[in-house]
Amino acid sequence: MMKVRSIRDVFIRSKEPFPYDWNKKGVLYANQNLEVIQEVKGGVIQDNAVWYEDKNGDYYWSGGFQKIEEPELIEFKHLIDYSQLVKINGELPALGSRKTIIAILDTGIQTHPDLEEAVLEQRNFVSDNDGAILPWHGTFMAGIIGGRTLLTRGVKGLASNCEILDYKVLKDTGSTDMDAVKKALEYILHGGGPQPDIINMSFSVRPGVIDSLMAEITAKGILVVGAGGRDNLFKDNNCSFLAKIPGVISVGAAESVYLSNKESKYPEQIDFVYHNMKQWSTYTSPSFYYQDQGDSIYTAITSGLLAREISFNDQADVFSLLKQKAFNISEFNPETLKIYKL
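Heads up, the sequence shown is in full-length UniProt numbering, so the first residue is 1 and it goes up one at a time.
Since the hints were derived computationally from the structure, they do not count as laboratory data. Errors might be hidden in some of the hints.
Under the rule of at most 16 Å between Cα atoms (straight-line distance), these lysine to aspartate or glutamate pairs were calculated in the EDC-like manner [to be verified]:
id, residue 1, residue 2
1, Lys67, Glu91
2, Lys325, Glu91
3, Lys67, Glu35
DEER-style ranges, computed between Cβ atoms [as the list claims (entries may be wrong)]:
id, residue 1, residue 2, range
4, Gln84, Asp179, 47 to 53 Å
5, Val40, Glu331, 44 to 50 Å
6, Asn328, Ala219, 41 to 47 Å
7, Glu335, Ile37, 22 to 28 Å
8, Phe11, Ile37, 42 to 48 Å
9, Glu121, Phe18, 41 to 47 Å
10, Asn238, Lys67, 24 to 30 Å
11, Ser285, Lys265, 40 to 46 Å
12, Pro113, Lys67, 26 to 32 Å
13, Asn23, Met1, 21 to 27 Å
14, Lys323, Asn237, 40 to 46 Å
By construction, the Cβ of each residue, glycine as well, lies at the ideal position given by its N, Cα and C atoms.
Based on the sequences and whatever the hints tell you, model everything.
The structure is reproduced here in structure tokens:
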């Protein structure tokens with residue numbers, strides 16, 4: 001079995017690996033994982049006739065994916081302290097006694113030694129699961145934001161004293177369940193659970209489905225941080241549908257060739273951007289640690305920075321403060337993990 005990740009939105013095809021109108025079953029959105037049972041030959045798209053078959057017998061054109069290298073079981077001997085790694089224009093504020101509450105809407109979070117007592121509440125809003133548990137993505141986000149190792153190894157997040165709401169809204173295939181996203185947002189608004197300061201959303205959404213809910217949430221003063229896109233920000237001057245929703249703090253990640261080019265153009269909806277380098281975080285067993293890159297990672301970093309500002313002073317306009325502390329893109333340094341404003 002092979003694992004791949006979508007690099008763009010890919011149609012799910014039933015019955016036959018060919019791009020017909022009648023066999024369109026749905027869409028697997030960008031940055032989602034897929035377990036491939038086998039490769040098969042099918043309809044040719046852009047000179048590529050290789051298709052992936054999943055365990056349900058559905059097909060996906062392989063040109064929309066990149067292969068995932070599975071991490072090996074490792075003896076992790078390093079300390080990854082994001083409060084030391086991430087650079088802002090000035091000093092990071094100290095963590096106060098105020099524990100910021102962050103809702104991570106994602107795949108779910110696996111128990112991890114660096115996340116002990118980090119999760120305040122867990123809820124699964126996905127109704128149609130296949131029994132598999134693939135919570136690596138949510139676990140990765142949680143480590144960046146709220147990892148709290150007390151050892152000289154492991155992951156220490158930007159807001160290591162925060163409390164996390166673990167809300168599963170991605171299906172076990174890795175695709176976004178928009179009904180689950182709506183249920184999670186409605187629960188945050190009306191469910192009587194813990195009230196988050198920040199909602200972290202590192203996934204793709206369909207246009208127009210959650211816009212009104214997001215308007216209600218941001219009107220309550222809850223910060224929503226969303227993945228905005230990768231190199232497409234500069235190549236196509238386009239961003240994700242999530243980033244286009246008013247009130248969402250949108251985050252992108254791009255290669256140095258774009259960030260170092262003063263002539264690069266980008267969508268006005270993007271608030272922050274980072275150099276798209278691989279970063280370590282918490283992962284599922286048995287490896288427990290892994291390196292990855294992408295706008296999801298930097299969305300979590302931005303949530304962690306905002307959480308740290310809230311912990312220091314919860315009466316401040318923390319988004320405006322972070323904008324002030326972000327570097328101008330003209331100060332781009334490919335060797336340092338900096339937050340840039342656009």
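These are the hints, each one checked on the structure:
With a C-alpha separation of about 38 Å, the suggested pairing of Lys67 with Glu91 is violated against the 16 Å cut-off. Taking the CA atoms of Lys325 and Glu91, the gap is near 9 Å; set against the 16 Å cutoff, the hint holds. Between Lys67 and Glu35 the CA atoms are separated by roughly 10 Å; this keeps the pair inside 16 Å, and the hint holds. The given range of 47 to 53 Å is broken by Gln84 and Asp179, whose C-beta atoms sit roughly 40 Å from each other.
Separation of Val40 from Glu331 is about 49 Å and conforms to the stated range, judged on CB atoms against 44 to 50 Å. About 31 Å separates the C-beta atoms of Asn328 and Ala219, a value inconsistent with the hinted range of 41 to 47 Å. At about 41 Å, the CB distance of Glu335 to Ile37 disagrees with the hint of 22 to 28 Å. In this structure, Phe11 and Ile37 break the distance hint of 42 to 48 Å, their C-beta atoms being roughly 18 Å apart.
Separation of Glu121 from Phe18 is about 45 Å and conforms to the stated range, judged on CB atoms against 41 to 47 Å. For Asn238 and Lys67, the Cβ-Cβ distance of about 25 Å falls inside the hinted range of 24 to 30 Å, so the restraint holds. With their beta carbons about 43 Å apart, Ser285 and Lys265 fall inside the hinted range of 40 to 46 Å. At roughly 29 Å, the beta-carbon separation of Pro113 and Lys67 lies within the given 26 to 32 Å, and the hint holds.
Distance hint check: the CB atoms of Asn23 and Met1 are about 23 Å apart, consistent with the given range 21 to 27 Å. Checking the proposed 40 to 46 Å range against Lys323 and Asn237 shows it is violated: the Cβ atoms sit about 22 Å from each other.
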